[in-house]
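Once you have looked at the hints, place chain B on chain A.
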Amino acid sequence: MTTEAPVLLSREHFDALLAALAKRGYTVVGPTVRDGTIVYDEIGRPEELPVGWTDEQEGGHYRLKRREDEALFGYVVGPQSWKKYLHPPRLRLVKAERDGDGALVFTDGDEAEPPRYAFLGMRSCELHAMTIQDRVFLGGAAADSHYERRRKRVFSIGVSCGEAGGTCFCASMNTGPAVTDRTPHDLALTEVIDSGRHFFVVAAGSDEGREVLAELPVTPAGDGDVAAAKERVDRAAASMGRSLNAEGVRELLRENLEHPRWDDVAQRCLTCANCTMVCPTCFCTTVEDVTDLTGDHAERWRRWDSCFTMDFTWMHGGGARQSAKSRYRQWLTHKLSTWHDQFDSSGCVGCGRCVSWCPVGIDLTEEIAAIRDSEPPAQPDES
Amino acid sequence: MSATFHPTDPAALEAGAMLPEAFFVVSRNEETADTFTLALRPVKAGAQRPFEPGQFNMLYAFGTGESAISISGSPEETDLLIHTIRRVGIVTSALDRLAVGDTVGLRGPFGSAWPMDEARGRDLVFVAGGIGLAPLRPAILHALAHRGDYGRLVILAGARGAGDVIFLDQLHEWAKEPDVEVRLTVDRAGSEWPHHVGVVTTLIPRAKFDKANAVAMVCGPEIMMRFTAVELAKSGLPDQSVFVTLERNMKCAVGLCGHCQFGPEFICRDGPVFRYDRIRHWFSQREV
Numbered sequence: 050m051t052t053e054a055p056v057l058l059s060r061e062h063f064d065a066l067l068a069a070l071a072k073r074g075y076t077v078v079g080p081t082v083r084d085g086t087i088v089y090d091e092i093g094r095p096e097e098l099p100v101g102w103t104d105e106q107e108g109g110h111y112r113l114k115r116r117e118d119e120a121l122f123g124y125v126v127g128p129q130s131w132k133k134y135l136h137p138p139r140l141r142l143v144k145a146e147r148d149g150d151g152a153l154v155f156t157d158g159d160e161a162e163p164p165r166y167a168f169l170g171m172r173s174c175e176l177h178a179m180t181i182q183d184r185v186f187l188g189g190a191a192a193d194s195h196y197e198r199r200r201k202r203v204f205s206i207g208v209s210c211g212e213a214g215g216t217c218f219c220a221s222m223n224t225g226p227a228v229t230d231r232t233p234h235d236l237a238l239t240e241v242i243d244s245g246r247h248f249f250v251v252a253a254g255s256d257e258g259r260e261v262l263a264e265l266p267v268t269p270a271g272d273g274d275v276a277a278a279k280e281r282v283d284r285a286a287a288s289m290g291r292s293l294n295a296e297g298v299r300e301l302l303r304e305n306l307e308h309p310r311w312d313d314v315a316q317r318c319l320t321c322a323n324c325t326m327v328c329p330t331c332f333c334t335t336v337e338d339v340t341d342l343t344g345d346h347a348e349r350w351r352r353w354d355s356c357f358t359m360d361f362t363w364m365h366g367g368g369a370r371q372s373a374k375s376r377y378r379q380w381l382t383h384k385l386s387t388w389h390d391q392f393d394s395s396g397c398v399g400c401g402r403c404v405s406w407c408p409v410g411i412d413l414t415e416e417i418a419a420i421r422d423s424e425p426p427a428q429p430d431e432s
Numbered sequence: 345m346s347a348t349f350h351p352t353d354p355a356a357l358e359a360g361a362m363l364p365e366a367f368f369v370v371s372r373n374e375e376t377a378d379t380f381t382l383a384l385r386p387v388k389a390g391a392q393r394p395f396e397p398g399q400f401n402m403l404y405a406f407g408t409g410e411s412a413i414s415i416s417g418s419p420e421e422t423d424l425l426i427h428t429i430r431r432v433g434i435v436t437s438a439l440d441r442l443a444v445g446d447t448v449g450l451r452g453p454f455g456s457a458w459p460m461d462e463a464r465g466r467d468l469v470f471v472a473g474g475i476g477l478a479p480l481r482p483a484i485l486h487a488l489a490h491r492g493d494y495g496r497l498v499i500l501a502g503a504r505g506a507g508d509v510i511f512l513d514q515l516h517e518w519a520k521e522p523d524v525e526v527r528l529t530v531d532r533a534g535s536e537w538p539h540h541v542g543v544v545t546t547l548i549p550r551a552k553f554d555k556a557n558a559v560a561m562v563c564g565p566e567i568m569m570r571f572t573a574v575e576l577a578k579s580g581l582p583d584q585s586v587f588v589t590l591e592r593n594m595k596c597a598v599g600l601c602g603h604c605q606f607g608p609e610f611i612c613r614d615g616p617v618f619r620y621d622r623i624r625h626w627f628s629q630r631e632v
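Protein chains in written order, with this note's numbering: chain A, 50 to 432; chain B, 345 to 632.
So that you can see chain A by itself, here it is in the shape it has in the complex (with noise of 0.2 Å):
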């Protein structure tokens, strides 16, 4: 747990963390700049990392900056999501063949092993982010074992953030800026520069987390040191670009399903299902199913879906959600609402994403508010 001391860890000996993950047998994947984002790849080197950059966000708006510093961190979160590898886009879920009497073989279609991968700079947000994808899959009755193949052999170093995005609002949610007990995870770091040095204060929150802390050149954190980074989180917290009333707001958007306010945002929503893939705890997915020139070997492969889409609620006789008001109700009411009814928590995190991705800058926040300030009389609970 972090209630031990902190310690410092240089930037210059910042490549003995990669290495000591690399000796372990993990696949460090982080942050990396590419197509004018930050996106999640393989890192090799410090250097692979966004260093340098930071990135500018508002509604429907992205944009990576120069910074004065060369940090590692100084950037809040991009289009992409760590459940990218922990639920990935597309899986090939079945593999089905015809044998010699025209009977069906299944086996298994994700047979292989997944990488061993150790998460460098997951921000407090993707934390309870994580945290909620595992009770979404693995926490109910039936499980999912791709996840969990894949989930439990990850390694996290969450990064506390040092400043805050233009749609961040985890400050709101109570889900950041600092990484915590709250969430699990091996190790935590805040990155701090300061008068000509460029360290990072770093906490175990595992004994796995321990044991590469004590393969690392660090010295004990002074209490300056320990100051100085908690002041840059707590000033990230005092920053952030959005706020969110997260008050009573299940039952806010449970008696409001027939508020003016879904009307007037379905004038504005493309219904293009962009919030839905960049959010980091949306999981649904569609399954599509292929075949051969043989005709004798099919698959069945799952990949990310949205319910934005119409083929989402596709039925004999039509779609159960043709308008675009009913598309973005069902998002935003799972997401706040009924997201607490099936996984006893939100289904947000402020990570702000949805925000800045949303091509006509649709912001949840504002429509929350919305909803909020001219509250209807509640209707009886009667059909």
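Hints are computed from structural coordinates only; laboratory data are not their basis.
Note that CB positions come from ideal geometry on N, CA and C, so glycine has one too.
Possibly wrong hints are sitting among the right ones.
[Said to hold, decoys possible] Cβ-Cβ distance ranges computed for the label pairs, FRET-style:
1. B:ILE434 with A:LEU319: 27 to 33 Å
2. B:TRP537 with A:VAL409: 51 to 57 Å
3. A:LYS133 with B:VAL444: 56 to 62 Å
[To be verified] These stretches of chain A come out as covered by chain B in the derived footprint (C-beta under 8 Å, 3 or more residues):
4. 149 to 155
5. 229 to 235
6. 330 to 343
This is chain B only, laid out in the frame that chain A set:
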């Protein structure tokens, strides 16, 4: 394993398995012009799947896809799984092309069941619209097989036309049983149709059952179930004694793919059978 991960219950991992099992088509019956019944037996000996009335399986047509199909046979008969299927889409059309001796993939059974234990000692009112009789049939067969456990059985079945009533011969047989009342209705019919004409809800005031001690089980189109619940309430049956079964697009059948959400419920896992008062809030909304 990372120390931050808690091991998952192996039974839960087993329950989430996506691998179908091969089943032979043992027989095939035509029910109506667009509805047929397949009897399935596991290819592997001893791979029988006991089920409860109201549950469903995912049937896989090779290379085409899966469809959620209610089990329509008797729960006492464990050797065969009976599925009554209406040809409405790509997968059900592929299932329609199967011949005796062909194999399909099957996962299941899934979902909640009709409240056969809770209904013991009470009158049972079955209200079916069209193929909605199929998921009710295992409950009717169970009640007939344990006749002493239940009071009167009232079966109210509606369909679009005379040619759309499934299990018509069996409905006539059931009507001959003591304390079983069967009433049929169709939306439109010629003079050859000897039964009622009109929507199925109009049969409810005519049915004889103990309003103070009855359980209703309802399956049909959503609009039919909504009006049925209203009519049952008018007749004196409280919403807590009314059970409905819902249908949505389903991919995984175990609450992981998200498709079948209905408000807070995953229909595949929390349903398909729901006590009416539990889903009433959402049932009254459009496009949930």
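The hints, checked one at a time:
1. The given range of 27 to 33 Å is respected by ILE434 of chain B and LEU319 of chain A, whose C-beta atoms sit roughly 28 Å from each other.
2. Between TRP537 of chain B and VAL409 of chain A the C-beta distance comes to about 55 Å, which sits within the given range of 51 to 57 Å.
3. Between LYS133 of chain A and VAL444 of chain B the beta carbon distance is about 45 Å. The supplied range of 56 to 62 Å is therefore violated.
4. Counting residues of the region 149 to 155 of chain A whose beta-carbon sits less than 8 Å from any beta-carbon of chain B gives 5, enough to reach three: the coverage restraint holds.
5. Coverage of the region 229 to 235 of chain A by chain B holds [criterion: at least 3 residues with CB-CB distance below 8 Å; count 3].
6. Only residues whose C-beta sits within less than 8 Å of a C-beta in chain B count toward coverage, and the region 330 to 343 of chain A has 8 of them, enough to reach three; the restraint holds.
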